[in-house]
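Asker: Each protein sequence line maps, in turn, to chains A and B. Going by UniProt numbering, the first residue of the first sequence is number 1, and it counts up by one from there. Going by UniProt numbering, the first residue of the second sequence is number 1, and it counts up by one from there.
Please note: incorrect hints may appear among the correct ones.
[What the hints assert, rightly or not] In silico EDC-like pairs for lysine to aspartate or glutamate, Cα to Cα no more than 16 Å straight-line:
no., chain 1, residue 1, chain 2, residue 2
1, B, Lys-113, B, Glu-148
2, B, Lys-111, A, Asp-292
3, A, Lys-149, A, Glu-327
4, A, Lys-278, A, Asp-292
5, B, Lys-115, B, Asp-104
6, A, Lys-120, A, Asp-76
7, B, Lys-75, A, Glu-62
8, A, Lys-246, A, Asp-51
9, A, Lys-130, A, Glu-158
10, A, Lys-362, B, Glu-76
11, B, Lys-77, A, Asp-292
12, B, Lys-77, A, Glu-188
13, A, Lys-81, A, Asp-219
14, A, Lys-69, A, Glu-231
15, A, Lys-125, A, Glu-144
16, A, Lys-101, A, Glu-158
17, B, Lys-113, A, Asp-292
18, A, Lys-120, A, Asp-51
19, A, Lys-120, A, Glu-188
20, A, Lys-6, B, Asp-86
21, A, Lys-9, B, Glu-204
22, B, Lys-75, A, Asp-292
By construction, these hints were calculated from the structure, which means they are not laboratory data.
Here is how the chains run, residue by residue.
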Amino acid sequence: MFLAIKEMKHSKTRFAMIGAIIMLIAWLVFILSGLGNGLSTLAAATMKNIDGDLFIYEEGSEGTMMKTKVSGAIADDIEGKYGVKEAAKFGQSTIIVHNPKITDSKVNEDVAFLGIEPGKFIEPKVIEGKQLSNDNLFGVVIDESLADKGYSIGDKFEVTSSDITLEVVGITKGETFNHLPTVFVNVETWQSYAFAAPGSDNGLESPVAMIALQGENVDADAIASNYDAIETVTKSDAIMGMPGYKEESATIYMMLAFLFAISAVIIAVFFYVFILQKTQQFGVMKAIGASDRFIKNSIISQVFVLSLGSIIAGIGLTYLTALVFPEGMPFNLDFKMVLIYAVVLLIVSVLGSVISARQVTKIDPLTAIGRVE
Amino acid sequence: MTGLVLKNVTKSFKEGDSTVDALKNVSLSVNPGEFIAIIGPSGSGKSTLLSIAGALLQPSKGEVLVNDTNIGQMKEKELSSFRLTDIGFILQTSNLIPYLNVLDQLLLVCKMKGKVTAKEVKFAKALLKDLGLGQKLSKFPNELSGGERQRVAIARAFVNNSNVILADEPTASLDSNRAFEVVKQIRYEVKERNKAAVMVTHDERMLEFCDKVYRMEDGVLTLER
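Okay, chain A solo, but in the shape it has when bound:
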């Protein structure tokens, strides 16, 4: 540490430049992770918000939201059995809505139309207005992102290509589904919309998309063997089954993985060159009696201090840039995630320096002797 700090104080420009590069890498990592997080929120926020322990999907759907249809009767039957405390029906469709109050060019909106049972655990809390109720079948709770587009409590709007008219009773937040703003409605209303065409219910009794289960020690095997034409999936599989979710996060994680690998190589190469430049110095130190460990520790602690400072600067820079990002950009920084990536980046850079510090062992202290200039 002694040598590390003294050297950085002495050659400020050199270390400032390396620090700047580490900071820019950190910045890129955090921006990417913010974008990844924003995209996955857009794709599956509602699914993530459902505090379910197990989910019932149609057999063969492999947890894919767009392929599943199960009988709602299972939900009524299953409560209190196999460790299930509460079962909640969930249905989804994509609809186009038209609010006559809004008269600008974009009059129609794509939204996710989600059928739920009022009072069950999957119902989101409203931040304004009232929750859903069984008394008002056409009252809906909308997401903030739709409210931002001009929808407000009391508005009546139409669902295109049907004769349904809905009324906004409450507004919730942080609920997006399949990259769309959400409209929560009573599941019965949803069923009358989704299965309006005769035969589209596959002959199921009270069909819904899936059923979310809550309870300690839910017995997945017993459920699967006691009901026909269903399969059970875990929450993380259910989130993976959201359209685009897997592909989007795979892309982002791929880029992040490459970034981490590249930053490790960059840092390792930088310090490799540094060590080459200082071979003579290290030879002298070894002649005086410095152990390899002493020199390695000083190199690694230098990288640690430098990376730590640069990564913290990178976090600062990220939050500053987040302020100027345009509204509506799917950018969502989660501080816990930023912290995790910061630690990973720190570990990666220290590992890079450990690799290049290994060549210190090869430096011969004899280089210090008998060298007349």
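Please arrange chain B on chain A, whose structure you already have, making use of the hints.
Answerer: Below, chain B alone, put in the same frame as chain A:
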């Protein structure tokens, strides 16, 4: 006895298929308080001798005793900690660490052993004051003259308070006046602190300050004076 003793030391290097003897059956003993010089042309084996005496190289044959410790059988790691505590190297001026100030050059040696104590700081300051560097403690090597830099190198060799001091061409790259000054100072410190000191040089003007002079030629050491 303390001090430095080499008994029948031979050092061979492999050069292609043949082996070359850099040192041939060299014996040397230096008592505490003695300041000896080894002269000889380049390539004669002076540096090899210094490296063996300084625990940087192992002899092929023979014994090397520093303070009665035989260093011939030591492993790499033991050697480096032995150098740290028992040997003081006076290296050429270019071998100061560029980003450390004068005091830190000395404290680095203490750091290698562990935590720097207040006593060590006091000793380092006294040593530097002794060598006329009392006003330059916070200067960096590039802010010092050649003579001053060499004096820092001398102080660094004494800071671990070892019994053996080895000097490698301490007057290279210095003009005559400064060179005399530097060698006189080494002699003063050696006598004052009762060290066994060996200086390798090809500067014959410096020999008047030494108690004994050896000449090295083709790996053979002979007493000249």
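Asker: Each hint: holds or not?
Answerer: Now the hints, each set against the structure:
Taking the CA atoms of Lys-113 of chain B and Glu-148 of chain B, the gap is about 26 Å. The hint is violated against a cut of 16 Å. Distance check on the hinted pair: Lys-111 of chain B and Asp-292 of chain A sit about 14 Å apart at the alpha-carbon level, within 16 Å; holds. Of the pairs offered as hints, the one joining Lys-149 of chain A and Glu-327 of chain A holds, with about 12 Å between alpha carbons and a cut-off of 16 Å not exceeded. The suggested pairing of Lys-278 of chain A with Asp-292 of chain A holds, with an alpha-carbon distance near 14 Å, which does not exceed 16 Å.
Distance hint between Lys-115 of chain B and Asp-104 of chain B is fulfilled; the C-alpha atoms sit about 13 Å from each other, no more than 16 Å. The hinted pair formed by Lys-120 of chain A and Asp-76 of chain A meets the criterion: a straight-line CA distance of about 12 Å does not exceed 16 Å. Restraint check for Lys-75 of chain B and Glu-62 of chain A: the C-alpha separation of about 63 Å exceeds 16 Å, so the hint is violated. The suggested pairing of Lys-246 of chain A with Asp-51 of chain A is violated, with an alpha-carbon distance near 20 Å, which exceeds 16 Å.
A C-alpha spacing of about 20 Å is found between Lys-130 of chain A and Glu-158 of chain A, which places the hinted pair above 16 Å, so the restraint is violated. Taken as a hint, the Lys-362 of chain A and Glu-76 of chain B pair is honoured in the structure, with Cα atoms around 12 Å apart against an allowance of 16 Å. Between Lys-77 of chain B and Asp-292 of chain A the alpha-carbon distance is near 9 Å, which keeps this suggested pair within the 16 Å criterion. Between Lys-77 of chain B and Glu-188 of chain A the CA atoms are separated by roughly 80 Å; this puts the pair beyond 16 Å, and the hint is violated.
Using a Cα cut-off of 16 Å, the hinted pair Lys-81 of chain A and Asp-219 of chain A holds, with the two alpha carbons roughly 9 Å apart. With a CA separation close to 11 Å, the supplied pair Lys-69 of chain A and Glu-231 of chain A stays within the 16 Å bound. Using a Cα cut-off of 16 Å, the hinted pair Lys-125 of chain A and Glu-144 of chain A holds, with the two alpha carbons roughly 12 Å apart. Between Lys-101 of chain A and Glu-158 of chain A, the direct Cα distance comes to roughly 11 Å. Compliance with the 16 Å bound is thereby established for this hinted pair.
Of the pairs offered as hints, the one joining Lys-113 of chain B and Asp-292 of chain A holds, with about 13 Å between alpha carbons and a cut-off of 16 Å not exceeded. Taking the CA atoms of Lys-120 of chain A and Asp-51 of chain A, the gap is about 11 Å. The hint holds against a cut of 16 Å. For a cut-off of 16 Å, the pair hint linking Lys-120 of chain A to Glu-188 of chain A stands: about 14 Å separates their Cα positions. Pair hint Lys-6 of chain A plus Asp-86 of chain B does not hold up; C-alpha atoms about 27 Å apart against a cutoff of 16 Å.
Taking the CA atoms of Lys-9 of chain A and Glu-204 of chain B, the gap is near 42 Å; set against the 16 Å cutoff, the hint is violated. Taking the CA atoms of Lys-75 of chain B and Asp-292 of chain A, the gap is about 14 Å. The hint holds against a cut of 16 Å.
Going down the numbered hints, you'll see the structure goes against 1, 7, 8, 9, 12, 20, 21, while the others check out.
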